[in-house]
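S.K.: Sequence:
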Amino acid sequence: MTQSQILAKLSSHDTYKGEKLSTFEGVDFEMDFRAELLPEGLEIEMSVQSPRVCLAGIHYYYALQNRHGKIRAVVQDVYNDMGIFKPMPKEWCKADLQHLEFDLSHFADYGFLPLKNHQGEIHFETEGQGLNITYQGDNEQISWQLYSPKDATFVCIEPMSARNPRGLEVTHSHFIARIEIV
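By numbering that gives the first Met the number 0, the letter at position 126 of the sequence shown is numbered 125, and the numbering carries on one by one without gaps.
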């Protein structure tokens with residue numbers, strides 16, 4: 000560990016206020032965690048092992064300046080709407096159905112799959128600032144969730160190690176995300 004790095008190992012047998020973490024999570028697990036501040040941005044790495052299906056990811060909210068913003072990403076031509084994959088609407092795309100350009104003044108609670116199976120990149124723009132979020136996993140079970148109510152002051156961008164968080168498939172998840180201010 001350095002001044003710009005945090006390393007942690009967490010187990011479902013660890014306790015919080017006298018209760019095992021498995022009581023809160025509902026499952027046994029082991030997790031290795033690393034967060035490091037790099038010149039390019041913040042990098043977060045997680046590895047989770049469980050006897051039951053599991054996922055790893057980050058769930059973070061970003062401010063929308065003046066309630067305006069845009070998400071750009073290269074994605075597969077389907078999106079996840081409450082666990083059901085549907086064809087990508089043309090009005091969400093630029094050039095073709097794989098170049099997502101989502102206006103955040105509209106309601107969003109959708110999941111997207113990266114074009115490449117193991118890695119993806121999301122560009123978030125709002126007035127005067129922006130973020131690049133890159134993410135990767137060790138299998139094709141990665142995606143990202145976009146959540147923002149209509150005319151909200153925030154957006155949640157959640158890259159994760161699951162293709163469909165309502166239908167988990169793996170008992171080991173390894174995930175890396177990097178957040179860069181642009």
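Just so you know, the hints here were simulated from the structure itself, not pulled from any lab data. Where a beta carbon is used, it is the ideal one built from N, C-alpha and C, also for glycine. Treat the hints with caution; some may be incorrect.
What the hints assert, rightly or not - Taking CB as the label site, the calculated pair distances span:
no.	residue 1	residue 2	range
1	Lys85	Thr152	25 to 33 Å
2	Ser21	Asn116	27 to 35 Å
3	Val181	Asp102	35 to 43 Å
4	Tyr15	Glu90	44 to 52 Å
5	His58	His105	15 to 23 Å
6	Pro86	Leu37	35 to 43 Å
7	Glu35	Arg66	31 to 39 Å
8	Ser21	Glu100	15 to 23 Å
S.K.: Taking the hints in turn, state whether each one holds.
M.R.: So, going through the hints one by one against the coordinates:
Between Lys85 and Thr152 the CB atoms are about 28 Å apart, so this pair conforms to the stated range of 25 to 33 Å. Distance hint check for Ser21 and Asn116: the Cβ-Cβ separation is about 32 Å, which falls inside the suggested range of 27 to 35 Å. In this structure, Val181 and Asp102 break the distance hint of 35 to 43 Å, their C-beta atoms being roughly 19 Å apart. A hinted range of 44 to 52 Å holds for the C-beta pair Tyr15 and Glu90, which are about 45 Å apart.
For the hinted restraint 15 to 23 Å between His58 and His105, the CB-CB distance of approximately 21 Å keeps it satisfied. In this structure the hint that Pro86 and Leu37 lie 35 to 43 Å apart at CB holds, the actual value being about 38 Å. A hinted range of 31 to 39 Å for the beta carbons of Glu35 and Arg66 is consistent with their spacing of about 33 Å. Distance hint check for Ser21 and Glu100: the Cβ-Cβ separation is about 42 Å, which falls outside the suggested range of 15 to 23 Å.
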